[in-house]
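Chains V and Y are the protein sequences, given in the same order.
For the first sequence, this note's numbering assigns the number 1 to the initial residue and increments by one for each residue that follows.
For the second sequence, this note's numbering assigns the number 1 to the initial residue and increments by one for each residue that follows.
Please note: incorrect hints may appear among the correct ones.
[Said to hold, decoys possible] So, partial list: chain Y residues that the calculated Cβ filter (under 8 Å) puts toward chain V:
1) Val34
2) Tyr35
3) Met55
4) Ser59
5) Phe99
6) Asp186
[Said to hold, decoys possible] Below, computed lysine-lysine pairings styled on DSS-like, alpha-carbon distance capped at 30 Å:
7) Y/Lys370 x V/Lys227
8) V/Lys340 x Y/Lys62
9) Y/Lys62 x Y/Lys360
10) V/Lys340 x Y/Lys213
11) V/Lys24 x V/Lys8
12) V/Lys166 x Y/Lys162
13) V/Lys3 x V/Lys270
14) Y/Lys62 x V/Lys3
15) Y/Lys213 x V/Lys8
16) Y/Lys252 x V/Lys103
17) V/Lys131 x Y/Lys131
None of these hints come from the bench; they were simulated from the model.
Glycine included, each C-beta is placed from N, C-alpha and C at the ideal position.
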Amino acid sequence: MEKVILIKYGEIYLKGKNRKFFEKTLENNIKNALNEFNCVVSRIPGRYEVSGFDPKFSSKILSAVGKIAGVFSFSLASVVDSELEQIENISIVETEDLDGTFKVVTNRADKTFLKSSMEISRHIGGLILSKNKSLSVDIHEPEHILNIDVRENKKTYVYVSSNDHKGIGGMPVCSSGHGLILLSGGIDSPVAFFMMNKRGVKLHAIHFHSFPYTSNLAKEKVLDLAKILAPFNGGEIGVYLCNVAKVQEAVHENCNPDYMITILRRAMFKIAERLSKDKNYSMIVTGENLGQVASQTIESMTVVENVVESTPILRPLVAFDKTEIIDIARRIDTFETSIKPFEDCCTVFLPDSPVTKPRLEKVVFEEAKIDLEKIIDEAYAGIERIIIKS
Amino acid sequence: MIYLDNAATTQCLDGVVDVMNNYLKHDYFNASSVYAPAVKVRRDVENARNELLDMVFASNHKLLFVSCATEANNTIFESATLRSGDKIIVSAGEHPSVFECAKQFQNNGVEVCVVDLLPSGEIDEEDFARKMDRRVKLVSVMMVSNETGAVNNIKRICKIAKKVNPRVLVATDGVQAFGKIDVCVDDLGVDFFVMSAHKIHGPKGIGALVYRKDIHISPLLWGGGQENGLRSGTENVAGIMGFFEAAKLSMKNQKSNFEKVQKIRDEFIDEFQNSGVKFSVNGNGSPFILSLSFDGIRGEVLLHALEEHEILVSTGSACSSKHSDNRILSAMGKSQAEVLGNVRISFNAHDAYDVKNIVKIFASTIEKLKG
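Bound conformation, chain Y alone (with noise of 0.2 Å):
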């Protein structure tokens, strides 16, 4: 099998699975417990917290772990406080646990802003400066995105929306970028930022919401307390010990990776223009991603036709998958043949990629495809 849809998710490194398992097996007690053992559990949990901040460089803010980016974004939303009349901004290229939660928050009465996408997939920042105003109180643009791999100068909107508004809080969904391209909260001067620990070879089911520390946080979850009470439920030791593992694993490695995969996205494009197969990109940034639209096929017939051939891919976010239509590439001016015809390929720099193989079966197929 050939997995080229890491942007969905990522296999477990054995490192982090051994982790994880001396934490289900061995070192299993309830983080909340007052008994010696479990007071050593809810120290390493203290000390990955704090290790996760540092990583991100973020030294006026604490850390939430949560079970998802999605529960993360939904905290943001929750603890912006909204009430009818207020105004808040997001990016059309926002991953939905974003966008939908603008919607509902629409659904009460909140003004919501959707800023549009340059054609090379990054937000148009002239766009959000003519929409941003001193009636916004929540801004949500992604560092990364995860269709494209379009990276956001979220300093410079971060900048422009605390110059109009310097109480309006920014949020940044950084599940594509925290360990694979630099990140550095303090520097980019938001209030939040989310990531998640299955994209980075973590485990699923565990991620974490980086607030700014004079932040009120308004819990989704009530019940035990756990969290500073912010976010009830017993706490997911080995998730959140598998997560720190990976999480170390990917900065210890991050600039090889970064150089690695960006060599394999290269010579995807280079055998690709080889094939003689009509295609174009579709944005132009993390190396991690590759979205490409080929000329007169569908995506998911393609994806279906390579799956034959035990290569998986996605046409676009798996989250957004069953939609027939791609919102973000709609977003960034993209024809609608270029839309149908979407691809999403996306690395590890784990895995050994034959990547002459690789096309040439992708080109055979559209081949066969276009009959």
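Looking at chain V on its own, in the form it has when it is part of the complex (with noise of 0.2 Å):
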């Protein structure tokens, strides 16, 4: 009997003619995310196999495959060539640690199959009733479930539900191509990241700091969030770091202060295009979220999204709750890092009270004060580019 990893795939099933694109994609992600392993990945009919694995790495794999954007489910199953005494022997070895109430489900993808899922199903639970006295049948709200996966490969593979994880679901990464996230290194990028990898983007990520005015932890705080978002990203990220205190200090020094922000944030988009027409990335994605500061009312984003000229801004937040941002961030793990207390470039020369709506006109008035391209023109050429490996 060995131990298997079973994986189903969620939304690509709806698929129709493209559906074997995004089965491959997968399958890549899946082979990246486990290579250190060295284990099998393959492919059998509307799964995928994960096998020959030293048990020991069983807990790192599955918590690695709970991160693979397109896995809906997966089982640390025990397979077996399906032929009903060895899907007897094992049903029995499965369960013969439960106690309380189960039921048995059978799914018979394998349609000769000699009996039926449901024959399955109570042949089974019959035999586990009678090797094991703790057990009774519930069929309605059962305790345990014991899965029977009878498979197209003559394989048939079996778990209880207490080894059955979700995973997050969405479209495998790279499969809607490539994008370049603001990452800041608060709460709400890093989430906005893993949204946009359950969607299939495939991101890269821009963060703007402001050397000497922010600190050197501040920059590892965004490293180090990016560490942890690299599994989700297909295994790694390429942080492109830029400094925009020179913007900051212009602006200090010539324009009205209360739109220091304002000022700022259009110069960070407009590094962000340049950066994304440059390396051919498709989209700009934002953490940003209708109402929660300043910067981020529908007249700032208005303000601040006209000087991008043709490339789409993605905000997979507008919308969130800030209770509903920290619950991801928690769950993915980001949150603890994100709240550590080093100050990032947006509270630099932070204004006593910044415009929350700014006017365009006015805010081109200010930028004209400073020469804002050839500053853009200095901050771009100084990008630095780190790849972070999960």
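Take each chain as given, in its own frame, and dock them per the hints.
Following this line, the structure appears as structure tokens:
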């Protein structure tokens, strides 16, 4: 009897003629994610099977699979040949430690198997009852479910519900193209990152800092976040680090300080679009959330977005509540790192009363007081790229 | 000198000293400082943390660097938020850093249940199952006994505990296990795992507490907020990096070290049998520890007599050797004579032992002492 991990995908099922492309992309992503474990990833109809690994790595592999977008669910299963006697034996082994209530659920994809799924469930359920006196049947709300998955490859996968895990769902990373995310180090942008990964976008990150006004630790925090996010992004993230201190200095010296954040963000978006075009990224992603802070009112977003010529800006968190965002941040393990108290560039030269409803003409008027294009050129030329692997 | 007390502590390996030297003389920066050289040091510490977690296969856990296993064990008890009326279970074989800690909580109204040991040194799982109930908030059972080398089946103990009370916290002191035998925290299912550097040829003053991610750790020390506020005090960078180096070397050679030490232990037993000395072996498990009871002689006297021949052994755990009784051997049901005649020999895989000669000195010393 061998233990394998059985992976099911969800949304890809809905695809038509291009389903093969998505299946192949997901297969590659699984192989990449599990590369270090020396295991075999193979595709069987409607499923993937991970086999040949050292049992010591089971939890780590399960944890890694739990971070692959496109996976609907995954289970640590025992696999046997699709022969009744073997299925009987393994079902008894899988349930021998259980007590309480249970039921058997059979999925018979292999229609040539001699019994129907109902017959298999009834037969195996009866057998388990006779062997394990601590179990009784409850078909409505059982404490345990024994799943029997009879596949077309003449193999049957057997697992109890405690070994069945929900995946993050969505589409495989890379299937929806590449994007550039503005990663600040706060709570929101890592969550936006995850949400876009879930929709199949492979992300690259740009972090704006204001060294020496912000510390090295703020930069390190972003790299720590990138490390946590890398598994969701197919194992690695390219992080671009861009120093915008000169923009802030210029605004501080020449413009109405209340426009600091608006002008700074316009500079950031200009840089982001330039980078996206240079690298062929097809979207800019932000963690913006309508109404959360001064820079995230619809007026601010409009004025800032105005500098972006032709790249779509996607804001996956725009309608989320902060508590919903925090819940996801905790789930993907970025929350604790995000709340580390290092100032990011937005908090440097913070005006007393930033404009919450900026008017475009006024912003353009203030911006004209500095040579923003020249400062941006310099900042762009100084961009540094670090690859963070999971 | 023949050093046979490696369960008390070990000699630092050259590679470990070299790494530490670098962090004492060159990369000596405070890991919490904000300039680039210090950030690099911080990165090294974080890398060591992650790699150490990987070495014990702990995918749902975090790692806190502490000064020693005693601090780790105390942190566990503090984090279990024990209140008067709660119940905890420890084994009779626990190290004083667990046993005495439990006693302190007993003074505060916490019920402490001590699980019996089998004559072979492992905990009596049936007794454990009997004592385990839904009131139990914390179970602490060591993985490998520092007195006898007996290996407990932590996975099974954890399973029994969690079945009765899914919310119970299970801790295992892995000080004599890590780097010596296979450890897979994921598979054990424990909430806490404790390790120490100086038992695996690393420096003293550094250890680690591996804890399940969602557990709230109650700090013992307050101050500058290092270790995410869980353990204030400037990071012992040289210690951490020395620990990491020692761990890497131990893991790399774990299998061959184990086999080598197993042979040494077997050879010692064979030679003692051939020598005609009357003795018994207490417990059997980890080959790194050989606990013996010699007939008609006090272990302590033998220890000092051997010292004159430059052979260093122990009469049980160095931490408890000040006490005349041996709590653990008594719990294993050993007779008073066996307890008094106990000597613990513990090996490392780096020294070459002239077993024949060592046993000869043992035998002649015993002979002389018996007069």
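To see whether the hints hold, each was checked on the structure:
The beta carbon of Y/Val34 comes within 4 Å of a beta carbon in chain V, closer than 8 Å, and the hint placing it at the interface holds. At about 7 Å, the closest approach between the beta carbon of Y/Tyr35 and any beta carbon in chain V falls short of 8 Å, and the interface hint on this residue holds. With its C-beta approaching chain V no nearer than about 11 Å, Y/Met55 sits outside the 8 Å limit, and its interface hint is violated. Proximity of Y/Ser59 to chain V holds as hinted, the smallest CB-CB distance being about 5 Å (cut-off 8 Å).
A hinted interface residue such as Y/Phe99 counts as satisfied when its beta carbon comes closer than 8 Å to some beta carbon of chain V; here the least separation is about 31 Å, so the hint is violated. Interface restraint check: Y/Asp186 against chain V, minimum CB-CB distance 3 Å, threshold 8 Å, status holds. For a cut-off of 30 Å, the pair hint linking Y/Lys370 to V/Lys227 is broken: about 65 Å separates their Cα positions. About 17 Å separates the Cα atoms of V/Lys340 and Y/Lys62, which keeps this hinted pair within 30 Å; it holds.
For the hint pairing Y/Lys62 with Y/Lys360, the CA-to-CA distance comes to about 48 Å; that exceeds 30 Å, so the pair is violated. Between V/Lys340 and Y/Lys213 the alpha-carbon distance is near 17 Å, which keeps this suggested pair within the 30 Å criterion. Our distance criterion of 30 Å between C-alpha atoms is met by V/Lys24 and V/Lys8, whose separation comes to about 14 Å. A hinted pair counts as satisfied when its Cα atoms are at most 30 Å apart, and V/Lys166 with Y/Lys162 qualifies at roughly 23 Å.
For the hint linking V/Lys3 to V/Lys270, the alpha-carbon distance of about 52 Å lies beyond 30 Å, and the restraint is violated. Restraint check for Y/Lys62 and V/Lys3: satisfied, since their Cα atoms lie roughly 27 Å apart, inside the 30 Å limit. Taken as a hint, the Y/Lys213 and V/Lys8 pair is honoured in the structure, with Cα atoms around 27 Å apart against an allowance of 30 Å. A threshold of 30 Å between alpha carbons decides the hint, and for Y/Lys252 with V/Lys103 the separation of about 46 Å lies outside it, so the pair is violated.
For the hint linking V/Lys131 to Y/Lys131, the alpha-carbon distance of about 28 Å falls within 30 Å, and the restraint holds.
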